[in-house]
Amino acid sequence: MSLPQIEIQLIAAVVAVACALPGVFLVLRRMALMSDAISHAILLGIVLAFFITRDISSPFLVVAATMTGVVTVGLVELLNRTRLVREDAAIGLVFPALFSIGVILISRFAANVHLDTDAVLLGELAFAPFTRFVVLGYDLGPRALYMMGGILLLNILFILLFYKELKLATFDTGLAAALGFWPGLIHYGLMTLVSVTAVGAFDAVGSILVVALMIGPPATAYMLTDRLPRMIGLSGLVGVASAISGYWLARALDASIAGSMATMAGVLFGLAFLLAPERGLMALARRRARQRWEFAQTMLAIHLFNHEGLPATDKEFRIEHMHEHMRWEPAFTTQVVRQAERRGIVLSRDGYLSLTESGRQSAQQAILN
Amino acid sequence: MNNGKKAIEVTDLTVAYRDKPVLWDVDLDVPAGVLMAIVGPNGAGKTTLIKAILGLIRAAAGQVLIYGQPYLEQRRVVGYVPQRESVDWDFPTSVLDVVMMGRYGSLGWIRRPGRQEQTLALEALDKVGMRPFAERQISQLSGGQQQRVFLARALVQEAQVYFMDEPFQGVDATTERAIVRLLQDLRAAGKTVVVVHHDLQTVPEYFDWVTLLNVRRIASGPVDEVFTEQNLRLAYGGRVAFLSRDSRPDIGRSADPAAVGPMARHDLEPSAAPQESSE
Chain W
1 MSLPQIEIQL IAAVVAVACA LPGVFLVLRR MALMSDAISH AILLGIVLAF FITRDISSPF
61 LVVAATMTGV VTVGLVELLN RTRLVREDAA IGLVFPALFS IGVILISRFA ANVHLDTDAV
121 LLGELAFAPF TRFVVLGYDL GPRALYMMGG ILLLNILFIL LFYKELKLAT FDTGLAAALG
181 FWPGLIHYGL MTLVSVTAVG AFDAVGSILV VALMIGPPAT AYMLTDRLPR MIGLSGLVGV
241 ASAISGYWLA RALDASIAGS MATMAGVLFG LAFLLAPERG LMALARRRAR QRWEFAQTML
301 AIHLFNHEGL PATDKEFRIE HMHEHMRWEP AFTTQVVRQA ERRGIVLSRD GYLSLTESGR
361 QSAQQAILN
Chain V
370 MNNGKKAIEV TDLTVAYRDK PVLWDVDLDV PAGVLMAIVG PNGAGKTTLI KAILGLIRAA
430 AGQVLIYGQP YLEQRRVVGY VPQRESVDWD FPTSVLDVVM MGRYGSLGWI RRPGRQEQTL
490 ALEALDKVGM RPFAERQISQ LSGGQQQRVF LARALVQEAQ VYFMDEPFQG VDATTERAIV
550 RLLQDLRAAG KTVVVVHHDL QTVPEYFDWV TLLNVRRIAS GPVDEVFTEQ NLRLAYGGRV
610 AFLSRDSRPD IGRSADPAAV GPMARHDLEP SAAPQESSE
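For the protein sequence lines, the chains are W and V, in the order given. Under this note's numbering, the first residue of the first sequence is numbered 1, with each subsequent residue one higher. Under this note's numbering, the first residue of the second sequence is numbered 370, with each subsequent residue one higher.
There's no promise every hint is true.
What the hints assert, rightly or not - Here chain W is said to cover these stretches of chain V; the calculated rule only asks that three of the stretch's residues, wherever they fall, bring their Cβ under 8 Å from a Cβ of chain W:
id, stretch
1, 423-436
2, 450-457
3, 467-474
Claimed, not checked - Listed below are several chain V residues computed to face chain W (Cβ distance under 10 Å; list not exhaustive):
id, residue
4, L441
5, P461
6, T462
7, R481
8, Q506
9, I507
10, R522
11, Q526
12, E527
Said to hold, decoys possible - Estimated spans, in silico, between C-beta atoms of each pair:
id, chain 1, residue 1, chain 2, residue 2, range
13, W, N306, V, G512, 27 to 33 Å
14, V, E454, W, F130, 50 to 56 Å
15, V, R602, W, L93, 24 to 30 Å
16, V, V595, W, Q291, 47 to 53 Å
17, V, A558, W, D88, 45 to 51 Å
18, W, E324, V, D541, 36 to 42 Å
19, W, W248, V, W478, 39 to 45 Å
20, V, Q438, W, A285, 29 to 35 Å
21, V, P501, W, P229, 50 to 56 Å
22, V, R484, W, G270, 38 to 44 Å
23, V, Q485, W, F51, 24 to 30 Å
24, V, Q485, W, E357, 54 to 60 Å
25, V, D541, W, R327, 46 to 52 Å
Quick caveat, the hints were computed from the structure, so don't treat them as lab data. Built from N, CA and C at the ideal position, the CB exists for glycine as well.
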């Protein structure tokens, strides 16, 4: 691997983790779409700040764009609070307005700078290593790496410091407010974090794919664990995996790096969605099937249990008539009887079924519940 | 003990959504050490009253004092149990973790819960009979179990005044008895407990104080004085035919939880000896 290749992957991985961290809380707060809104609306802030500073890498630009993100959240809430517009519609009204103003400004006044509409949508990760961070003549590496590294540190610090507050305000806003942790403040803190991250990642992956990296890895992690600390850690790992595998996919296909990263984020989610050991679709189907068979065996046991010791119930115990009593398909009945036998619930002798002691117990237990 | 002192004083509390009043000029005096039900028809403003007292909803007018001080200064002595449905039970966390959230208020900003908080949380889980579930993911709980977890979380707040929003909503009979027992233990320990309640039949049995609410305060006071057919008719608009005199023989009761009768006695694991409050 050449140095620029390593640098690109490093930047991609840092962007992915930086996005995944606040993304966890967006997913848990059911605010995934807010990342979409913010990542688009910041374009307006970037453009306006660019007109003032005339410098695409000015820190003022980052601050201004971040503020646009937070303002977007505020506007959505303002519109929502009138109760004339629902939240999803409010999001859909606010950010396209801001974004499109940004697009118009770029196409009208800034057509000859680095800000073009393609870069806005997809970023320019491949060119990231060309802009170097030079101090006193020493080349310290790509500038984007420092910028995203700083934002990543900020995210880690914020979540470490306010982990407890974020968790409480996300799980139970009412209690958070009653205990004196201002949920509104925490909310806007998180939204600022999302905005800064989106601004930083904007250059690398563009406004559309920020969303994929903010929502994909946390959603994948959510399929794989039911503890918040693990979900945060896993989100970071999945983010890195999406970034690195996306880079190599892009090389193999000779395609957009950012697009391939987002694709891999989607692929990884798809895998977790299907194969997650507890919550995945396959596990769910397996569990449902097993429950169906187990329930049938319990029904069989209860049937036998209810007829035990009653006079003239011989025929209730005949295996070949069992499906008539249970109103089951004969093939299904045979299968259930065989399984029940294997699990030691029933015994079959001379074409008759009888309950074992453990079968009697499980029948009794089922009736009691 | 705080007997004789007023735990909660609400004066002229009005809450409105735009020009539609939800609570109209409500006055409320709740002495310390009572177990009070707030009853009233749907839309009477029961939940709103609790939320306005806790400052979760802005009041259009009025004042709330907890032990003579505004709520903002008394947060530490107030415990809150929101409606069970108000949170996402698929949230990735464990029962123990949820209970520890009750300690966050005393921890304040940034400080993390530690061993002490964990011990308190486990004790509280013991009291509600949920200790074996401490490490469970909360989505695996039944409705009644969720409610017990919420109560355990309120217990670790070690408050003086508790506000509970429909703790009996959708729980089974066993859990209901367990909760009643717990509330009476709290009262025996000198706490004041305010419960939004739906079942009129059980008011005289469970509570010693009651507020009837229907946007305005209809009546508030000891159950045996205030919980009358006339007041109920005022609150519910004459639709309480099911509550005739002879269907509630045990009206009026002593403050001793042991006198509540066999119902509350036998179901829950014994709780630790109630601690005397040091107000």
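Legend entry - Outcome of range test on Cβ distance (Q485(V), F51(W); 24 to 30 Å): violated, 56 Å
Inset, instruction - Confirm or reject the claim that E454(V) and F130(W) have a C-beta distance inside 50 to 56 Å. - result: At roughly 54 Å between Cβ atoms, F130(W) and E454(V) fall inside 50 to 56 Å, so the hint holds.
Legend entry - Proposed interface contact between R481(V) and chain W, which counts if any beta carbon pair is under 10 Å: holds, 6 Å
Inset, instruction - With 29 to 35 Å as the target window, see if Q438(V) and A285(W) comply at their CB atoms. - result: Cβ of Q438(V) to Cβ of A285(W): about 58 Å, so the range 29 to 35 Å is violated.
Inset, instruction - Could you say whether the range 24 to 30 Å given as a hint is met by the Cβ separation of R602(V) and L93(W)? - result: violated, 49 Å
Legend entry - Within 8 Å of chain W's CB atoms, at least three CB atoms from the stretch 423-436 of chain V: coverage verdict: holds (count 3)
Inset, instruction - Given the hint of 39 to 45 Å, check if W248(W) and W478(V) actually sit that far apart at their C-beta atoms. - result: holds, 44 Å
Legend entry - Range agreement (Cβ of D88(W) with Cβ of A558(V), hint 45 to 51 Å): The hinted range 45 to 51 Å holds for A558(V) and D88(W), with Cβ atoms some 47 Å apart.
Legend entry - Status of the P461(V) interface restraint (C-beta, 10 Å, chain W): holds, 5 Å
Legend entry - E527(V) as an interface hint toward chain W, with CB separation required under 10 Å: violated, 13 Å
Legend entry - Beta-carbon spacing of Q485(V) to E357(W) - inside the hinted bounds 54 to 60 Å or not: violated, 48 Å
Legend entry - Proximity test - 8 Å, beta-carbon atoms, the stretch 467-474 of chain V to chain W, at least three hits: With 4 residues in contact (Cβ-Cβ under 8 Å with chain W), the coverage given for the stretch 467-474 of chain V holds.
In summary, the structure is inconsistent with hints 12, 15, 20, 21, 23, 24 and 25 from the numbered list given earlier, while agreeing with the others.
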